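Enquirer: This is what each chain is made of:
Protein chains: 2
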Amino acid sequence: MATLKVPAQVPSPSEDAEQLRKAFVGWGTNEDLIISILAHRNASQRKLISETYASTYGEDLLVSLDKELSSDFERIVMLWALGPPAERDAFLANEATKRMTSNNWVLMEIASTRSSLDLFKVKQAYQARFKRSLEEDVAYHTSGDFRKLLVPLVSTFRYEGEEVNMTLAKSEAKLLHEKIAEKAYNDEEVIRIITTRSKAQLNATLNHYNNDFGNAINKDLKSNPEDEYLKLLRSTIKCLTFPEKYFEKVLRMAINKLGTDEWALTRVVVTRAEVDMERIKEDYQRRNSVPLDQAISNDTSGDYEKMLLALIGHGDY
Amino acid sequence: MATLKVPAQVPSPSEDAEQLRKAFVGWGTNEDLIISILAHRNASQRKLISETYASTYGEDLLVSLDKELSSDFERIVMLWALGPPAERDAFLANEATKRMTSNNWVLMEIASTRSSLDLFKVKQAYQARFKRSLEEDVAYHTSGDFRKLLVPLVSTFRYEGEEVNMTLAKSEAKLLHEKIAEKAYNDEEVIRIITTRSKAQLNATLNHYNNDFGNAINKDLKSNPEDEYLKLLRSTIKCLTFPEKYFEKVLRMAINKLGTDEWALTRVVVTRAEVDMERIKEDYQRRNSVPLDQAISNDTSGDYEKMLLALIGHGDY
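In order, the protein sequence lines correspond to chains A and B.
Residue numbers for the first sequence follow UniProt numbering, so the first one is 1 and each next one is one higher.
Residue numbers for the second sequence follow UniProt numbering, so the first one is 1 and each next one is one higher.
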């Protein structure tokens with residue numbers, strides 16, 4: 001469930017655009033006004049505001065935001081205003097293939113937690129914006145075991161029906177167990193099963209694994225807890241089967257880190273606020289014995305904090 | 001250019017459906033009537049006929065055809081009537097992953113010669129019909145080097161713009177040449193370049209290869225002419241850059257073969273009649289010094305021959 005709160009009476013896109021323009025011009029910038037508007041409009045409403053703003057003031061809303069805002073607050077507002085989720089994901093994925101901002105986790109996360117059709121839309125948006133395919137950029141900028149896992153992961157168009165073949169689940173659970181027992185973590189059969197099977201089928205396979213061999217697969221994949229490839233493999237499995245648990249952990253790590261990982265915090269809040277942030281908040285509180293909004297308040301400040309809290313549905317609205 | 005000939009005045013779908021019904025009932029089957037209708041309607045017209053037939057006679061057109069026709073003529077009419085190209089490709093691809101009819105060439109051909117969006121539609125049709133993804137079936141039913149090439153080939157959503165990065169083309173041509181010189185034909189870099197780059201980019205890379213190293217890449221890939229993987233790799237490159245040459249060769253081999261390969265002949269005629277069969281016919285005549293329709297006439301007979309000739313636009317209409 002989403003945490004985004006939209007008012008019962010939404011102002012027209014031209015009223016919103018006008019208010020935003022007011023927030024930008026004159027003495028200083030009115031950050032509270034920006035938050036009160038943008039943090040309470042859904043993706044299609046933001047799209048309309050953006051279009052109206054551009055046609056009324058002859059300037060892209062993102063350009064105005066870029067001029068007026070800075071640092072973490074700028075990044076969260078820009079990502080939020082960037083357009084439909086597919087546009088934002090395409091932007092994040094592209095950043096993740098660039099040398100200075102390369103990030104296998106972001107690629108894995110986008111490929112594994114979006115629906116098949118949403119991932120396809122990300123690929124279309126990626127091509128329209130960058131004039132290359134997501135697949136070629138991921139393949140070009142990764143190497144070794146990471147490439148072996150990530151390229152099929154971003155390429156595949158997974159089936160999403162609920163049909164499950166239990167015989168296959170049993171035999172593939174056995175196959176996974178054999179390979180893992182041999183420490184063949186990058187074996188092509190392991191990668192084939194994880195990157196091509198439907199989430200329902202994979203879930204059945206992993207249940208068989210757990211029942212037939214006594215451990216959850218991710219426990220067996222912890223032989224070397226600091227191995228970066230194994231970490232990514234475990235997270236992929238988590239994203240495909242329990243995405244909210246994965247996101248809870250990313251938030252936990254981002255907040256607990258000395259100095260806070262604002263990029264991760266921003267990314268999860270912005271990409272999940274309209275999807276399953278309610279569920280992630282529940283898991284967060286259960287796992288950390290502190291509500292997410294309180295943890296965020298303790299760790300962040302100013303307009304950045306306000307924007308985060310608004311997006312996770314903090315307080316009355 | 002297509003070879004399909006559609007009359008200037010097309011009868012209504014219900015007239016066509018009625019005529020087809022007449023061709024099925026009573027003494028024997030009127031094959032000429034079936035050909036005169038179906039072989040002269042385009043994909044969307046056939047779809048309407050099919051829908052009208054089903055709603056009027058309470059039976060799927062394919063079921064009626066299956067009852068009335070047999071052998072090679074049955075297969076070509078069924079494949080032609082099967083529905084939009086994506087449905088037919090999904091059917092052919094599924095056959096190609098089955099044990100008794102497995103065929104890596106068909107998978108490669110569908111993945112490499114369809115547009116990115118058409119390939120995506122094949123994947124959607126595949127999932128709707130078979131309740132699994134094309135990717136998982138291909139990955140499950142292939143192995144070794146064939147899997148290494150085919151899985152990314154069917155998975156990728158290639159960029160289709162004309163933009164070409166010449167610096168990249170030069171460096172990737174060099175990389176391909178190095179790997180081929182080492183006989184590392186299944187090297188992951190070779191496969192990455194072939195399976196992820198846009199057709200325009202790949203073409204630029206292969207031109208550089210030819211200019212900088214003195215041979216066309218497919219010549220350098222002929223070190224062991226009978227190696228099945230190398231054959232498939234060469235054909236993939238041909239499909240991605242000169243599809244009509246590839247199809248000419250499939251037709252040539254199918255016709256020259258002792259006993260004729262009707263499956264290949266049918267497949268190429270049915271899948272290209274509405275796309276580029278005119279061009280393939282030109283290439284065929286140039287390469288074989290005999291027109292394709294004459295070669296087909298010499299090698300086939302009866303209703304099957306008539307249907308093939310109608311689809312390649314033989315004679316006046």
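Don't take every hint at face value.
As the list makes no split between identical chains, a pair holds if one copy fits it or if it spans any two.
[As the list claims (entries may be wrong)] Under the rule of at most 25 Å between Cα atoms (straight-line distance), these lysine-lysine pairs were calculated in the DSS-like manner:
no.	residue 1	residue 2
1	K174	K131
2	K121	K222
3	K306	K249
4	K22	K238
5	K47	K222
6	K222	K245
7	K148	K179
8	K121	K131
9	K238	K131
10	K5	K179
11	K199	K98
12	K199	K148
13	K170	K131
14	K47	K231
15	K98	K174
16	K179	K249
17	K219	K22
18	K257	K131
19	K148	K174
20	K98	K121
21	K231	K249
22	K47	K199
23	K121	K199
24	K148	K183
25	K183	K98
26	K245	K98
Source of the hints: derived by calculation from the structure; they are not laboratory data.
These numbers come from a predicted model, not from an experiment.
Enquirer: Indicate, hint by hint, whether the structure satisfies it.
Expert: Taking the hints in turn, this is what the structure says about them:
Within a single copy, K174 and K131 get their C-alpha atoms only as close as 42 Å, which misses the 25 Å cut-off; across copies the closest is 23 Å, which meets it. Neither within a single protomer nor between protomers do K121 and K222 lie at most 25 Å apart by alpha-carbon distance, with minima of 34 Å and 39 Å respectively. Taking the closest pair of Cα atoms, K306 and K249 come within 25 Å of each other only inside a single copy of the chain (22 Å); across copies the shortest separation is 66 Å, beyond that limit. With identical chains, the CA atoms of K22 and K238 are never at most 25 Å apart, being 44 Å at best within one copy and 59 Å at best between copies.
Taking identical chains as interchangeable, the C-alpha atoms of K47 and K222 are never at most 25 Å apart, the minima being 43 Å within one chain and 54 Å between chains. For a Cα distance limit of 25 Å, the shortest separation of K222 from K245 inside one copy, 17 Å, qualifies, whereas the shortest one across copies, 51 Å, does not. Proximity of K148 to K179 under the C-alpha cut-off of 25 Å is found in both arrangements, the shortest distances being 16 Å within a copy and 19 Å between copies. Taking CA atoms no more than 25 Å apart as the test, K121 paired with K131 passes in both settings, with 15 Å inside one copy and 21 Å between copies.
Taking identical chains as interchangeable, the C-alpha atoms of K238 and K131 lie at most 25 Å apart only when they sit on different chains, with a minimum of 24 Å there against 32 Å within one chain. In this assembly of identical chains, the alpha carbons of K5 and K179 never lie at most 25 Å apart, being 47 Å within a copy and 56 Å across copies at closest. Taking the closest pair of Cα atoms, K199 and K98 come within 25 Å of each other only across two copies (23 Å); inside a single copy the shortest separation is 29 Å, beyond that limit. Taking CA atoms no more than 25 Å apart as the test, K199 paired with K148 passes in both settings, with 20 Å inside one copy and 23 Å between copies.
Only between protomers do K170 and K131 lie at most 25 Å apart by alpha-carbon distance; the minimum there is 19 Å, versus 43 Å within a single protomer. For the homomeric pair K47 and K231, neither the shortest alpha-carbon distance inside one copy (37 Å) nor that between copies (50 Å) is at most 25 Å. Taking the shortest Cα distances, K98 and K174 sit within 25 Å of each other only across copies (23 Å), while inside one copy they are farther apart (38 Å). When the C-alpha separation of K179 and K249 is checked against a cutoff of 25 Å, the pair qualifies neither within a copy, at 27 Å, nor between copies, at 42 Å.
In the homo-oligomer, the alpha carbons of K219 and K22 never lie at most 25 Å apart, since the shortest distance is 54 Å inside one protomer and 66 Å across protomers. For the homomeric pair K257 and K131, neither the shortest alpha-carbon distance inside one copy (37 Å) nor that between copies (44 Å) is at most 25 Å. Proximity of K148 and K174 under a CA criterion of 25 Å is satisfied in both settings, with 22 Å inside one chain copy and 23 Å between copies. Taking the closest pair of Cα atoms, K98 and K121 come within 25 Å of each other only inside a single copy of the chain (21 Å); across copies the shortest separation is 30 Å, beyond that limit.
Taking identical chains as interchangeable, the C-alpha atoms of K231 and K249 lie at most 25 Å apart only when both belong to the same chain, with a minimum of 13 Å there against 48 Å between chains. In this assembly of identical chains, K47 and K199 lie within 25 Å of each other by CA distance neither inside one copy nor across copies; the values are 31 Å within and 33 Å between. Both within a single protomer and between protomers do K121 and K199 lie at most 25 Å apart by alpha-carbon distance, with minima of 19 Å and 21 Å respectively. Proximity of K148 and K183 under a CA criterion of 25 Å is satisfied in both settings, with 16 Å inside one chain copy and 21 Å between copies.
When the C-alpha separation of K183 and K98 is checked against a cutoff of 25 Å, the pair qualifies neither within a copy, at 31 Å, nor between copies, at 31 Å. For the identical chains of this complex, K245 and K98 are neighbours neither inside a copy (28 Å) nor across copies (38 Å), given an alpha-carbon limit of 25 Å.
When the structure is compared with the earlier hints, violations turn up for hints 2, 4, 5, 10, 14, 16, 17, 18, 22, 25 and 26 and for no others.
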